[in-house]
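Student: Chain by chain, the residues:
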Amino acid sequence: MRRIAVEQDIMAKNGRAAALNRDRFARERTFVVNLMSSPGSGKTTLLVRTLQELKTRGGRLAVIEGDQQTTLDADRIRATGVPAVQVNTGKGCHLDAEMIMRALAKQPAPAGGTLFIENVGNLVCPAGFDLGEAKKVVIASVTEGEDKPLKYPDMFAVADLVLVNKVDLVAALEFDVATLKANVKRVNPKATVLEVSARTGAGFEAWLAWLSSSRTVTAPVEARVP
Amino acid sequence: MHEVALAQSIVEIVRDQARANHADCVKAVFLRIGAFANVEPEALSFGFESAARGTIAEGARLEIERTPGSAFCAGCGSDVQVESRVALCPSCGSGQLLITGGEELRVTELEVS
Chain W
46 MRRIAVEQDI
56 MAKNGRAAAL
66 NRDRFARERT
76 FVVNLMSSPG
86 SGKTTLLVRT
96 LQELKTRGGR
106 LAVIEGDQQT
116 TLDADRIRAT
126 GVPAVQVNTG
136 KGCHLDAEMI
146 MRALAKQPAP
156 AGGTLFIENV
166 GNLVCPAGFD
176 LGEAKKVVIA
186 SVTEGEDKPL
196 KYPDMFAVAD
206 LVLVNKVDLV
216 AALEFDVATL
226 KANVKRVNPK
236 ATVLEVSART
246 GAGFEAWLAW
256 LSSSRTVTAP
266 VEARVP
Chain R
107 MHEVALAQSI
117 VEIVRDQARA
127 NHADCVKAVF
137 LRIGAFANVE
147 PEALSFGFES
157 AARGTIAEGA
167 RLEIERTPGS
177 AFCAGCGSDV
187 QVESRVALCP
197 SCGSGQLLIT
207 GGEELRVTEL
217 EVS
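If you're matching them up, the sequences are chains W and R in order. Position one of the first sequence corresponds to residue 46 (our numbering), numbered consecutively onward. Position one of the second sequence corresponds to residue 107 (our numbering), numbered consecutively onward.
If you're looking for bench data, these hints aren't it; they were derived computationally from the structure. Using N, Cα and C, we set each Cβ at its ideal position, and we do this for glycine too. Nothing false has been slipped in among the hints.
With a straight-line cut-off of 16 Å between C-alpha atoms, the simulated EDC-like cross-links for lysine to aspartate or glutamate are:
| no. | chain 1 | residue 1 | chain 2 | residue 2 |
| --- | --- | --- | --- | --- |
| 1 | W | K196 | R | E189 |
| 2 | W | K180 | W | D205 |
| 3 | W | K58 | R | D122 |
| 4 | W | K58 | R | E210 |
| 5 | W | K230 | W | D205 |
| 6 | W | K58 | R | E118 |
Coverage of chain W stretches by chain R, computed from C-beta distances (three or more under 8 Å per stretch; other residues unrestricted):
| no. | region |
| --- | --- |
| 7 | 50 to 56 |
| 8 | 131 to 141 |
| 9 | 163 to 176 |
| 10 | 196 to 207 |
| 11 | 228 to 234 |
With the rest of the complex left out, here is chain R (with noise of 0.2 Å):
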């Protein structure tokens, strides 16, 4: 459940983005996580509602994006989209892939009044 760490960092982001824009209240709060982030969205979700209680995000919606995870594949050469760490490529079917996308965890945007 390393989510609620995570969850409280992204009350910190909101907080400081709010303040920061004179907001009064937010609304939405928007994020892109990758296929490798290591985050169950639901946990996450679950984490943000508790950990945004008595602050300016209180009650905020939760927007996921979720992106694929890519790799180049050093067997044949292509950049292809994998949903595992431990998939063959699905191009030429080696095992030689290097994960180069997927890991990104990031709050986007934020929709406030």
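The following block holds chain W by itself, in its conformation from the complex (with noise of 0.2 Å):
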């Protein structure tokens, strides 16, 4: 009987995997998104939405869609002219980053464009996987408790972005959109919260010129060699 000493992280595949997706989208200028949540909170709807406006101010887009069965979610995207693959996980209950790689295979990075990766409905295991992404964007609803952020703290301290969705039902809800924003705090002081309502639009100038301005901070647009 021997010892060996190894000493290798777990995550080492992965981050190897994620490493090659970053460097690929630096060197075509694509700003990557990776979209988390709970099943239910309005993740596909909100980003139909914002497609439609995003398409509407010109540059490329391309979306990736991960669910564990089913092709709808990327039916709705396609249905609003931007190109979508599905990723199938099956008992899978999150994407990595070679299931990224995988799919850009299918189907490239839009050059110069943004890429949204709409992750497996999930506050738990979405949260340990890079994928290579710029910006991290978790969405909790309305119609969930204002607790989320603590009873998944491991999933908000990631996120670089909090967006409250459903914001048109506070009122009949009446849920308190302060305790929720107190108690993404707690978990993580940098993350910046917004309030959204993918139904009505209220609340998306902020989440758009929240893209443009991270866009702009982790793609720069090269100078061009005439």
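Quick one: dock chain against chain with the hints and give me the complex.
Tutor: What follows is the structure in structure tokens.
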């Protein structure tokens, strides 16, 4: 019997794939956003409206859709005219960097544009998997509890932005947005929090402005050589 | 259940290391898992058992060392141990904690013959 020292990071394989994705996105100047939330937060509805708004402003767009089963979400995205590829994870509860690499082989990232990755609806597992994205956006809707950030701190801890969706229902649900915001701050003081409604379009100006300014910082347009 | 995916990564690391070290049999796999690594040890052990089936790691014992979470308190400037991401500073009670450790997820050692 003998001992072998190993000292290897279990997430290293995913980390290597994520680094390759990130290199590729940087080379092609693709701004990549990873959207995460629990099921039923309105992620796909929010994405559809976001794509419709961005289309009117020009710029190349594409989507990678993650779900355990079905191509329903990719079908909804394609109806907007934006290309989408569906990744079915089967029993898997999250997207990993290698799945993104395989999806990119089917549908290349939009060079100079924006790629949205809609993760599997789950507030636990996707938090731990770097996909090579520039920004992680977590959607919390007002039909969930104000205490979600405290119950799922790992997810809220990695968010660059928290979108509070379905704010048109705040009054009916007596939801306390201030409490939700305070709970986000407890887990993640650095996260930005914006209120939106994917149904009415409320708050979309601020969300689109956030996307635009994040894009400028993380994927600057290179000077063209004449 | 992302523990299944993690278990598969562990089996791959074990297989590569066992091969590189000319081992015939892996008796034990030692892991170090931080308090904030987002891992349920029982689910991981269960996942490992099935992921290891038919590989050199089949039947190996999984030894998990849990390491505590640590944080720096921006309120009082001390380095403290914490059990949760939403903990208050145990020395000054402020909520301004920056997590500094406890996210590791590593295979540290193998016991082989």
